[in-house]
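Protein chains in written order, with our numbering: chain A, 7 to 272; chain B, 83 to 441.
Any given hint could be a false lead.
Not close to chain A: a few residues of chain B, all C-beta gaps over 12 Å, as computed [as the list claims (entries may be wrong)]: (1) Lys130; (2) Arg160; (3) Arg163; (4) Leu164; (5) Gly166; (6) Asp171; (7) Gly232; (8) Val238; (9) Thr284; (10) Pro375.
Derived lysine to aspartate or glutamate pairs resembling EDC-like cross-links, with alpha carbons at most 20 Å apart [what the hints assert, rightly or not]: (11) B:Lys137 x A:Asp204; (12) B:Lys137 x A:Glu26; (13) B:Lys137 x A:Glu140.
Don't read these hints as lab results, they were simulated from the structure. Cβ atoms here follow ideal geometry from the backbone N, Cα and C, with glycine treated the same way.
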Amino acid sequence: MTTVSGKASPVALGRGALREFGTLFALGLDVLIGMFRRPFQVREFIQQFWFVASVAIVPAALIAIPFGAVITLQLGSLTAQIGASSFNGAASVLAVIQQASPIVTALVVSGAAGSAICADLGARTIREEIDAMEVLGVSPIQRLVVPRVQATMLVAALLNGMVSVVGVCGGYFFNVIVQGGTPGAFLASFSALAQLPDLWVGEIKAVIFGFLAGLVASYRGLNPRGGPKGVGDVVNQSVVITFLLLFFVNFVISVVYLQIVPPKGA
Amino acid sequence: MGVEVAVQGLSKSFGRTPIWRDVSLTLPAGEVSVLLGPSGTGKSVFLKCLIGLLKPERGSVVIDGTDLVHCRESTLYRLRRLFGVLFQDGALFGSMSVLDNVCFPLREHTRESESEVRRIAREKLELVGLGGAEDKLPGEISGGMRKRAGLARALVLEPEIILCDEPDSGLDPVRTAYLSQLLIDLNAQLDATILIVTHNITVARTVPDNLGMLFRRELVMFGPREVLLTSDEPVVAQFLNGRRFGPIGMSEEKDTATMAAEREQARAGHNDGASGEDVRGVAPQLEPTPGLPPRDAVRRRRERVMRMLPTLPDAARRSVLASFDTASATRTAETAPAHGVAGPAGGPNLGSPGEERWR
C-alpha cells in the first residue's frame, strides 16, 4: 500500500478523533461502574481529595471575587439603564450561581489538580508502573483512577459552594460600595427571581465538571505517546480537552435546564 | 506444579509494522525456557502479549484451558495472579518504599495480618539480597537493586509462571550468575514455569531446559536447549558467538552488499569482534544449590525429550543422549554417601560430552 506518509487524510483524522472519544467514553463507563464496586480505596481517595482541595481552594477564591464583581458591575450599569436596578442582586446571583461558579470551579480543578493527576499517571505509565500493577492483578482503574475522579468530583461540589458565596459577596461589595446600590434591595431581590433549582443545577454542573476534569486527566495520563516528552504533551492536551468539553457540556445542561425548569414568576 | 503456556499462531504488529508473525511455542509446565533474540526483535512485546498487556492481532495464548487473548477482563485479572513478572527495570512504584512495594501484592490480594505481610516481604527481600534496603525509595537505589526488588515483588504471591524481561541487563557478570542460580533454585523450590527473555549468551547456555530464538519477525526455532545450541543455522551461530559476520546487522537485517564487504574484510584477516572460539555446543546446565530438592522438571523433561528424540536433528540427538548418560552417572554418584549433597554442576557433567561440544 502506498500512502502519503506524514500527512494524515481528513478521514483518518476524523476516525482517530472518534476513536479517542470512544475510548474516553469507555473509560468513563468503567469509572462509573468502578465507583460502586468494592474495595473502596479510602486511603487513596483521602490523599487525592486533600491534594486536589489544597491546590484548588486559594486560586478558586481569588478568581471568584473579581468574577462576581465584573458580573455585578456589568449588570449594575445595564439594569440602571433600563430602570430595573432593584433587580440587580437577583440577576447577578443567578449568573454567578448558575454559570460562573461551576465554570470557575471546573477551570481551577482541571488546571491545578487535573494537570497534576495527568502528569503523575503519565510518569507512572512510562515507567511501566501501570503495567506492573495490572500484572499483579490489580486494576489501575479501580485502584488509581476511580479515587482520583471521586476526589475531583467531591472537591468540585464543595468548592462550588465556596465560589458561589465568595462570588456573591464580591458582587454585593462592588454593587453597594462602588456603584452605590441599596443593600436591602440587593438582598431582597435574591428571592424575587432566583429559586432553589438554580442552586441545584449549579451543584449538579459542578459535580459533572469535576467528573470530566478527573476523567480526562486520567485518560490522557494513562495514554502518553513517546516517553517523557509525551507526558508533557498529554498534560497540555488534558487541560485543553477538559476546557472544550466543559463549555460544551455547560451549554447542553443550560439549554436543557432552561427548557424543563420554568423561570420564577413566569 | 507450574502451568503449561501454549502459544499458537501469535501475530502482533504496531500500525503497519509487523513485529513478529505466527509464533507458536509451548512452555512446558515447570520447566525453564529462554527466548533469545537480537535487540529490537520484539521480545519484550512477546512477553507483554503473554500476560495480556498488549493484544495480538491473531493467535491464542492458552493457560489452564483459558485463552488469554480472547477472554473477559475479569478472567484476565484472575489469570494474571498466576504470573510473576520481572520488568526490564523493575517497574517499582516510585512513591512507595522497597518494602511497601514488595508488600503491595500481599496487601491487595490476601487477608494476612500486617506483621505476616511484612515477614513474607522481608523473607523475599533477603532471598534477593536486599535485606538492608527495605526503607529506601526506588529512586535511591541502583538499577541492579531495583531489578532484584522487582523480582522479590514478583515472587511474593508464589507465582506458577515467572516471566523475566532481560534479568541480566544492567547487572555485572557476577550478579547475573547469582540471579541465574536464584532462578534455578526457585524452579526447584516452586516448580514454576519460567520464561526468560534475554540476549545474554551465558544465561542462554547454562540456565534453560528449552531455548528459542526470535529473528526477522518470526520464531527461528524453539525446543530442547540442545537443538539450538548445536544448530548450524547461520543466525544462531552468529548470535551465540557475538560476531559481526552473519545475517544479523546493526539495523536488524543486512543487505547482501554489506555481507559481501564484511566477508572480504574477514578474508583479509580483519578481526570480527569475537573471541574467535566457537562457543556453540551444549554447556552443562546449572543445578539447584546443594541442599535444595532436585528439580522435578529435569525428570519430566527427560521423558518428554525422549519421546520427541526421533524428530530431533542428528547433532541435537547425540548431545541429548550424551547429557542423559552423564546425568544418570551423576545420580549414581550422588547416591553414594560421601557425595550425598555435593553434586556440583561441574565434575562429571563436563567430561563426556566434550567431543559433542566442539564437534
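Going down the list of hints, with the structure as the test:
| no. | hint | in the structure |
| --- | --- | --- |
| 1 | Lys130 | violated (7 Å) |
| 2 | Arg160 | violated (7 Å) |
| 3 | Arg163 | violated (4 Å) |
| 4 | Leu164 | violated (9 Å) |
| 5 | Gly166 | violated (8 Å) |
| 6 | Asp171 | violated (8 Å) |
| 7 | Gly232 | violated (8 Å) |
| 8 | Val238 | violated (9 Å) |
| 9 | Thr284 | holds (26 Å) |
| 10 | Pro375 | holds (28 Å) |
| 11 | B:Lys137 x A:Asp204 | violated (48 Å) |
| 12 | B:Lys137 x A:Glu26 | holds (18 Å) |
| 13 | B:Lys137 x A:Glu140 | holds (14 Å) |
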